[in-house]
Amino acid sequence: MTFHNILIMRHELLLTIVMLLVLIIDLFATGNNRKLIIPIALILFLTVTAIGFLPAQYGQLFGGMYITSGTTILMKNVLNIAVFIILLQSVAWLKLEENKQKLAEYFVLILSTLIGMNFMISSGDFLMLYIGLETATIPLAALAAYTHHQTKSAEAGIKLILSSALSSGIMLYGISMVYGTTGSVSFAEVALQWGNAPLQMLAFLFFFAGMAFKISLVPFHLWTADVYEGAPVNVTSYLSVVSKGSAAFVLMLVLFRVFPSIVEHWQKVLYAIAVLTMTVGNLFALRQQNLKRFLAFSSIAQAGFILLGIIGASPLGMSTVIFFVLAYVFTNLAAFGVISAVSSATGKENMADYNGLYQTNPKLSLLLMLALFSLAGIPPVAGFFGKFFLFASAASKGFYWLVFIAVVNATVSLYYYLLPVKAMFINKNEQPVPTFRSDFYMKAGLLLAAAGTLAVGMLSIGYEYIASFSYGLQ
Amino acid sequence: MMTQGIPLYYFLIISTLMFFIGIFGFLTRRNLITMLMSIELVLNSVNINFVAFNSYLFPHRMQGQFFSLIVIAVAAAEAAVAIAIIINIYRNFRSIETDKVNEMKY
Amino acid sequence: MNNELMFFMLSAVILVFSVLTVTTRKILRAAVYLLFVLVATAGLYFQLNYNFLAAVQLTVYAGGIVVLIIFSILLTSHISERAPIASAARAALAALVTVAGAILTLITVMQFTFRPAGIPPISPNVKNVGRALVSYGTDGYALPFEAISILLLAAMIGAIVVARKESNNQSTK
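Top line first, the protein sequences correspond to chains A, B and C. For the first sequence, our numbering assigns the number 1 to the initial residue and increments by one for each residue that follows. For the second sequence, our numbering assigns the number 1 to the initial residue and increments by one for each residue that follows. For the third sequence, our numbering assigns the number 1 to the initial residue and increments by one for each residue that follows.
A couple of the hints might just be wrong.
With a cut-off of at most 20 Å between alpha-carbon atoms, the simulated PhoX-like pairs for lysine-lysine come out as follows [said to hold, decoys possible]:
1. Lys165/C x Lys102/A
2. Lys165/C x Lys95/A
3. Lys100/A x Lys26/C
4. Lys26/C x Lys152/A
Some chain A residues judged to face chain C by a derived CB distance under 8 Å, without partners named [as the list claims (entries may be wrong)]:
5. Phe119
6. Gly195
7. Ala197
These are calculated hints, taken from the structure and not from any lab test. For clarity, every value in this text was computed on a predicted model and none was experimentally measured. Ideal Cβ placement from N, Cα and C applies to all residues, glycine included.
Excised from the complex, chain A in its bound form (with noise of 0.2 Å):
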């Protein structure tokens, strides 16, 4: 091993090192130097963001525990994108009162489960599969339950915290099956080894549980609608954004990678559960008052339209799924950063508190329409190019009533997201949001979600560039 084998890992070194950077700054920044974090840990972040577009080398390193491919990179990429936009848009929330005492605490949290999400997309063997899984999840309960004078967000904490672990001993368990049956934890020689013995079926259900409780797919979804609710909307965001985009990511490379040889068994798993989990999302969906649950619930949906992806098995799925996944980064993050601005200004969440928006805050309404279309599936915005991609991959595969049950799933949802947009546009308040500025920060996230949200829609662009890598997985 030496220097240029280790630039292979680029990702995971420079956000360690980026993390570290931020913990060892914070020890000698004192009173009002403590805000300088906020912009330092911003710039270096960006620079790694940037940094991990050069072109790179693939490989592996540590006998096979850590893989890069181009896929890999891509996924990381879509991810370190949608981390800087939240970044972004949590520096309001970061600089109010309450926050002041703990800046550099959040950016060292998210970049360690950054981290763990890394190692996770890169994993060639289940053992650094869990410790990514465990780095992605333990501190952002942490994160969670950040606000000390909320109980909501301890509960939010709590939560999050306890339903993991037992998805994760749940998911250990099938682990433990799969080393007794077949002798080994590394991908490539578990998928050599890997039969359809009962015991086998058994292992990979339980495998399959725990990360089904990671992505929030119906029934492993119960956690979901209150975590989201009860954690800040930045936690929240990257919860359903990030948390959720590398969970999808790491089950689509684990179900072609290591289970290639029972893909009949695993498409009926996941043809019943991506019903279940579209219906169900759309359906509680359609009653949510506060906007936090409100995205909770349609994200569980968008989780459900992800499996369509996965569903077909083929590598036009997977360049349909990171694409699906770049689309509803930007669309989310837009979303969620009206959400973000709206409460850090002025505490409100609930759907009624956004009547006669569009009065105060034009461009935020205007902003948060884009989002709510993109989600619904409303051409031409990023959202309909990534429902459409997935449909069709699903359909090339002979999946058609799947692809029905969606389409009627979809345009269910339209209603739903209209809602907001109608509290904002048509609806009466005699106390609407009053107008406000954002600061330069939050601007900046919103514009840059909404530049993507657009422009991934319009010119479909990235979808050739990423279809080009994800043939060369299989």
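Please arrange chains B and C on chain A, whose structure you already have, making use of the hints.
Positioned in the frame of chain A, the structure of chains B and C alone reads:
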């Protein structure tokens, strides 16, 4: 090996029973700390599996043992964060029973 | 023969105290029962010759986590306090689900014929464990070892952020 006489299946039976006892505890307990204890049971049962497989079937590599070591380390981290949150909840609610902690409705 | 006797004693301790841990109504007792389970598990590891792992189990699990749990119990509850019990319907449902799951899993496990690799073993002693922990080739565990250090650092920071009292008092309750 010192394990002649005891079949591998005995270990698996113990660990499986322990796993489901832990799940049962998680489902029925109404107190956050006892829920955490149930999770420790689940993780511990998984460790027994890994060690038994490693010892009986694949003693030429140490994968199972290292998996157990890592699980123990992660469990410690998990417990630390969970207990920090539980103490924070206690400060806010003066109670750590789930019925009282349930402020949000499903 | 001695070995078998030891094994059955340890497993009896594990099963009995596991059940007690999740059913007793006194929280502090539950923690002590959990301690018995963890120590007996360490006994199993000793029996299989995994001395290092058994030592870790005793120091980290039994010595660290259980002590942490006991501290938090003392901080948050009164000794005399009894844990609330779940409603009978909920307990019955949970029992049904877990018993069915356990039976199904046990049947599936017993059906499967595990095949030993039949390759000469390496001893799981401290020397070999230590060597594997710092080597980075095949069967080296340097990467997980480093990765878990990030997790521990982040968990420590997270726990401090959550649990510490805020220094400016106006925003605390």
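What's the verdict on Lys165/C and Lys95/A, does the C-alpha distance respect the 20 Å limit or exceed it? 19 Å, holds
Hint check: 8 Å Cβ-Cβ cutoff, Ala197/A to chain C: Constraint on Ala197/A satisfied, holds at 6 Å.
For the pair supplied as a hint, Lys26/C and Lys152/A, confirm whether the alpha-carbon distance does not exceed 20 Å. 27 Å, violated
Need the status of pair Lys100/A, Lys26/C: alpha-carbon distance at most 20 Å? 41 Å, violated
Hint validity - Phe119/A Cβ closer than 8 Å to any chain C Cβ: Since the shortest Cβ distance to chain C is 6 Å, the answer is holds.
Check the hint pairing Lys165/C with Lys102/A against an upper bound of 20 Å on the C-alpha distance. Within the cut-off at roughly 12 Å; holds.
Gly195/A as an interface hint toward chain C, with CB separation required under 8 Å: Where the cut-off is 8 Å and the nearest Cβ of chain C is about 11 Å from Gly195/A, the hint is violated.
Violation of the numbered hints given earlier is confined to hints 3, 4, 6; the remaining hints are satisfied by the structure.
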